[in-house]
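Peer 1: Residue-level listing of the chains:
Protein chains: 2
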Amino acid sequence: MGEKFTIPKGTRDFTPVEMIRRNFIFDTVKKVFSHYGYVPIETPAMENLSTLMGKYGEEGDKLLFKILNSGNYLAGIGPEEINPENPGPLTQKIAEKGLKYDLTVPFARFVVQHQNEITFPFKRYQIQTVWRADKPQKGRYREFFQCDVDVIGSHSLMNEVELVQIIADVFGRLDIRVVIRLNNRKILAGIAEIAGARDRFTDLTIALDKLDKIGLEKALGELKEKGFTEAEVEKIMPFTAITGTFEERLRWLEGHLSGSETGLKGIAEMRSVFTRIKFLRLEEICELDITLARGLNYYTGTIFEVKATEVEIGSICGGGRYDDLTGIFGLPGVSGVGISFGADRIYDVLLALNRFPGHDTATTRVLFVNFGEKEELFCLGLASRLREEGISTEIYPDPDKLKKQMKYADQKQIPLVVLAGENEIGSGILTVKNMKTGEQMNLTPGQLVNFCKET
Amino acid sequence: MGEKFTIPKGTRDFTPVEMIRRNFIFDTVKKVFSHYGYVPIETPAMENLSTLMGKYGEEGDKLLFKILNSGNYLAGIGPEEINPENPGPLTQKIAEKGLKYDLTVPFARFVVQHQNEITFPFKRYQIQTVWRADKPQKGRYREFFQCDVDVIGSHSLMNEVELVQIIADVFGRLDIRVVIRLNNRKILAGIAEIAGARDRFTDLTIALDKLDKIGLEKALGELKEKGFTEAEVEKIMPFTAITGTFEERLRWLEGHLSGSETGLKGIAEMRSVFTRIKFLRLEEICELDITLARGLNYYTGTIFEVKATEVEIGSICGGGRYDDLTGIFGLPGVSGVGISFGADRIYDVLLALNRFPGHDTATTRVLFVNFGEKEELFCLGLASRLREEGISTEIYPDPDKLKKQMKYADQKQIPLVVLAGENEIGSGILTVKNMKTGEQMNLTPGQLVNFCKET
Numbered sequence: 011m012g013e014k015f016t017i018p019k020g021t022r023d024f025t026p027v028e029m030i031r032r033n034f035i036f037d038t039v040k041k042v043f044s045h046y047g048y049v050p051i052e053t054p055a056m057e058n059l060s061t062l063m064g065k066y067g068e069e070g071d072k073l074l075f076k077i078l079n080s081g082n083y084l085a086g087i088g089p090e091e092i093n094p095e096n097p098g099p100l101t102q103k104i105a106e107k108g109l110k111y112d113l114t115v116p117f118a119r120f121v122v123q124h125q126n127e128i129t130f131p132f133k134r135y136q137i138q139t140v141w142r143a144d145k146p147q148k149g150r151y152r153e154f155f156q157c158d159v160d161v162i163g164s165h166s167l168m169n170e171v172e173l174v175q176i177i178a179d180v181f182g183r184l185d186i187r188v189v190i191r192l193n194n195r196k197i198l199a200g201i202a203e204i205a206g207a208r209d210r211f212t213d214l215t216i217a218l219d220k221l222d223k224i225g226l227e228k229a230l231g232e233l234k235e236k237g238f239t240e241a242e243v244e245k246i247m248p249f250t251a252i253t254g255t256f257e258e259r260l261r262w263l264e265g266h267l268s269g270s271e272t273g274l275k276g277i278a279e280m281r282s283v284f285t286r287i288k289f290l291r292l293e294e295i296c297e298l299d300i301t302l303a304r305g306l307n308y309y310t311g312t313i314f315e316v317k318a319t320e321v322e323i324g325s326i327c328g329g330g331r332y333d334d335l336t337g338i339f340g341l342p343g344v345s346g347v348g349i350s351f352g353a354d355r356i357y358d359v360l361l362a363l364n365r366f367p368g369h370d371t372a373t374t375r376v377l378f379v380n381f382g383e384k385e386e387l388f389c390l391g392l393a394s395r396l397r398e399e400g401i402s403t404e405i406y407p408d409p410d411k412l413k414k415q416m417k418y419a420d421q422k423q424i425p426l427v428v429l430a431g432e433n434e435i436g437s438g439i440l441t442v443k444n445m446k447t448g449e450q451m452n453l454t455p456g457q458l459v460n461f462c463k464e465t
Numbered sequence: 011m012g013e014k015f016t017i018p019k020g021t022r023d024f025t026p027v028e029m030i031r032r033n034f035i036f037d038t039v040k041k042v043f044s045h046y047g048y049v050p051i052e053t054p055a056m057e058n059l060s061t062l063m064g065k066y067g068e069e070g071d072k073l074l075f076k077i078l079n080s081g082n083y084l085a086g087i088g089p090e091e092i093n094p095e096n097p098g099p100l101t102q103k104i105a106e107k108g109l110k111y112d113l114t115v116p117f118a119r120f121v122v123q124h125q126n127e128i129t130f131p132f133k134r135y136q137i138q139t140v141w142r143a144d145k146p147q148k149g150r151y152r153e154f155f156q157c158d159v160d161v162i163g164s165h166s167l168m169n170e171v172e173l174v175q176i177i178a179d180v181f182g183r184l185d186i187r188v189v190i191r192l193n194n195r196k197i198l199a200g201i202a203e204i205a206g207a208r209d210r211f212t213d214l215t216i217a218l219d220k221l222d223k224i225g226l227e228k229a230l231g232e233l234k235e236k237g238f239t240e241a242e243v244e245k246i247m248p249f250t251a252i253t254g255t256f257e258e259r260l261r262w263l264e265g266h267l268s269g270s271e272t273g274l275k276g277i278a279e280m281r282s283v284f285t286r287i288k289f290l291r292l293e294e295i296c297e298l299d300i301t302l303a304r305g306l307n308y309y310t311g312t313i314f315e316v317k318a319t320e321v322e323i324g325s326i327c328g329g330g331r332y333d334d335l336t337g338i339f340g341l342p343g344v345s346g347v348g349i350s351f352g353a354d355r356i357y358d359v360l361l362a363l364n365r366f367p368g369h370d371t372a373t374t375r376v377l378f379v380n381f382g383e384k385e386e387l388f389c390l391g392l393a394s395r396l397r398e399e400g401i402s403t404e405i406y407p408d409p410d411k412l413k414k415q416m417k418y419a420d421q422k423q424i425p426l427v428v429l430a431g432e433n434e435i436g437s438g439i440l441t442v443k444n445m446k447t448g449e450q451m452n453l454t455p456g457q458l459v460n461f462c463k464e465t
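If you read the sequences in order, they're chains A and B.
One rule links them: number in the working numbering = place in the first sequence (from 1) + 10.
One rule links them: number in the working numbering = place in the second sequence (from 1) + 10.
There could be a bad hint or two in this list.
If several chains are the same, the list does not tell them apart, and a pair holds so long as it fits within one copy or across any two.
As the list claims (entries may be wrong) - Derived DSSO-like pairs: lysine-lysine, alpha-carbon spacing no greater than 30 Å straight-line:
(1) K384 / K288
(2) K65 / K14
(3) K72 / K19
(4) K275 / K65
(5) K463 / K417
(6) K384 / K41
(7) K236 / K223
(8) K103 / K65
(9) K72 / K103
(10) K148 / K103
(11) K14 / K103
(12) K65 / K40
(13) K41 / K14
(14) K228 / K446
(15) K422 / K40
(16) K411 / K288
(17) K65 / K19
(18) K148 / K220
(19) K384 / K148
(20) K40 / K446
(21) K417 / K41
(22) K446 / K220
(23) K414 / K275
(24) K245 / K413
(25) K275 / K411
What the hints contain is simulated information worked out from the structure, not anything from laboratory work.
All chains should be built: construct the whole structure from the sequences, respecting the hints.
Peer 2: This is the structure we're talking about:
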């Protein structure tokens, strides 16, 4: 069979090394989330398309993976319904389900469906796969993980502060230096107001969002293309040039947004968040950045974006406050705030910085060489004892040549190899080879346990 | 909006309580697997349909969830290709991908694709979702988890013994009493041979497999329907009535299968496995059961099935030895042995026996009541200190009425509530309410930390 079997483009296999590294990231975030009282939920991979369609814009609808109805999906379909120029109407009939596109919409559906079982404020995290029929490219996959943490049902700015703490805690544990950029959509609304462009708020946020990538000149150019006058652009310009500390920027904004009630509200919110951040001594990693806009229209208050300072890469975490998550599903007025950790990028950062922990307890610590049936029994007993002490242990299953067995230990990076042949079994003293140093030791089983525990 | 949004039938949302319980099961099996040197892998949810089709029989092909090609899937399709009577040919053109149906076939594909990166014998585990367009019913879902552990590239029976150890270890930790039924397909082949029905081996295994459910008489009746003669059935009957210990049964079989080389080989394998099981003092939970057949045709040696003894439910774990996992993908001669844990049934068993651990560290231990802005800062500092000690802690985000905050603690089953008002902040002595006993204590922050650690 010469045929080559591969996986669909944009999807990935995860090898053991990749899994252990990925689990290191997920275990870290889960631990932090649970320290702050967040609890996990999961929703199905498939949702009804009626739940998903129309929630991500026209472009998003196209990127949904749709699942063919099971059974004879063509039954009852007339030839007149099949139009290769416009497959949309047929799609609706032959595909009722789709794979989830993000975690936010299914979460909103979950909250509405389970509203009577949920204790509000509801602090949940969710780490699951999502799918997008996007063009695959470096670092962009069709099947990838999202890792969201949200608290809903509370307006308090304490939640924003807590998310900053969580970000600091997660990246502290991952040993990644970061800067947390903060802004408030009400401040942006204030700027639009001051510039007399309240009706073009979305255009303004889109242009500001790009500033980082395309530079000031081009971003202002885009505004002009969108119909902003020279005078309007001139009013916006000073805001893009603010400097100073968090507090200095807030004071500057207070002066320049005094004409906008919404703007002043945004500043007050930022000040309240900042007071607590300062109390927690987290102000050094936080930055008030007025050019941070976050494209998504549903954000209404504080917005966050996190960048790694030691590696050139896009944002590794981001999110914000939204005032109406569940309105689309018939439950209006539920406010929340949440962030999403970019697991794939965090993986790349840790790899680039070589900061994955070297010694991982998920891998085998001790391998017993297999010399044959008689020795096997001795090793079986001893291996059980090591495992009872929490030491991951293997017995090589076949009495293969010693060279092959040592190669196995080497490739699996097992640090200790025990040679228990006839002599060792007779004397009760094991020959133990340290694979890193090449050194051989003579240890009793008890000494081996202690040696494993100490190293 | 009166519309009701639900999830596709046969799928499930997992609430926090369900997640914490499920994670207890998964964390336990993962820990055991890694103690024995197994490493995790993951494969994509989607596979190319060319990888999946034809691997699960005609019925299986129908149960695959197929994903509509993205973009205009109808482009280039002529009306003559659309036949509502026979949608198969169209399906091939409009759906190239499908959701995985089990973990075995994708694992085989993985091994072939990554054969040069893998260290053999390859000990891997895999816990992932699979999908089947089956008719949903109680306990049977269209989207569910499989939890497989296999070692491939080794013929040694030590692997079979290790899987028995793993089963004992997993269910020991989960506090579920089990019996492990063992058999060997070579013994079954021997019985078919002795009965003169070597050509109807599959019919024999199917009938034996049902014996448990439909009883001896009906099972033998099925054999007759399949063309087994009275004389053949009479030769098979004694095998279904074996009694005695594991060793007694082996000896009985040796006498009755002496005419079948294959049968004797199966007995020798079982004896070899049993010697080690006995040495490990696991024989009390193991049973040689000649009526265990396991339907799947790819098993060739030892087969396993695990039942809980305290609850009436189907098997909660099962598997066996196969001699040609990867042949379908062009890599012949790779032998392996593996088992699969039934997470959903294990969940049901633990629930029925009320054996989920009550105190779960993933949930909040301490809640600080929110009295307002001034008190918040004090609580923020103290909560950070508790979290640094590994104690999951929340501050209620809003200065709501005390009653509402206490209700939150109650519903989230948070055991300790700290009331730090003006007096407490002044004196440095916290009022701490034990939510289980209703008792109030006065503790310094240091005493609170110690109290949490001790309880």
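Peer 1: Now tell me if each hint is right for this structure.
Peer 2: These are the hints, each one checked on the structure:
1. K384 / K288: between (67 Å within a copy, 15 Å between copies)
2. K65 / K14: Cα proximity of K65 and K14: across copies only (16 Å, versus 38 Å in one copy).
3. K72 / K19: both (17 Å within a copy, 24 Å between copies)
4. K275 / K65: Only inside one copy: K275 and K65 sit 29 Å apart there, 62 Å across copies, limit 30 Å.
5. K463 / K417: Within one copy only: 24 Å inside a chain, 45 Å across chains, cut-off 30 Å.
6. K384 / K41: between (45 Å within a copy, 29 Å between copies)
7. K236 / K223: within (18 Å within a copy, 72 Å between copies)
8. K103 / K65: Both, since 19 Å and 29 Å are each at most 30 Å.
9. K72 / K103: Answer is both: 16 Å inside a copy and 19 Å across each meet the 30 Å cutoff.
10. K148 / K103: Cα proximity of K148 and K103: across copies only (28 Å, versus 35 Å in one copy).
11. K14 / K103: Close across copies (20 Å), not inside one copy (34 Å); limit 30 Å.
12. K65 / K40: within (28 Å within a copy, 37 Å between copies)
13. K41 / K14: Classified as neither: same-chain Cα gap 41 Å, cross-chain 35 Å, threshold 30 Å.
14. K228 / K446: neither (56 Å within a copy, 62 Å between copies)
15. K422 / K40: Result: close both inside a copy and across copies, 27 Å intra and 18 Å inter.
16. K411 / K288: Classified as between: cross-chain Cα gap 28 Å, same-chain 63 Å, threshold 30 Å.
17. K65 / K19: Answer is both: 25 Å inside a copy and 22 Å across each meet the 30 Å cutoff.
18. K148 / K220: Within one copy only: 20 Å inside, 51 Å across.
19. K384 / K148: Intra 53 Å, inter 49 Å, cutoff 30 Å: neither.
20. K40 / K446: between (33 Å within a copy, 27 Å between copies)
21. K417 / K41: Classified as between: cross-chain Cα gap 25 Å, same-chain 36 Å, threshold 30 Å.
22. K446 / K220: neither (50 Å within a copy, 54 Å between copies)
23. K414 / K275: Between copies, since 28 Å is at most 30 Å while 70 Å is not.
24. K245 / K413: neither (75 Å within a copy, 50 Å between copies)
25. K275 / K411: Cα proximity of K275 and K411: across copies only (25 Å, versus 75 Å in one copy).
In summary, the numbered hints that this structure violates are 13, 14, 19, 22 and 24.
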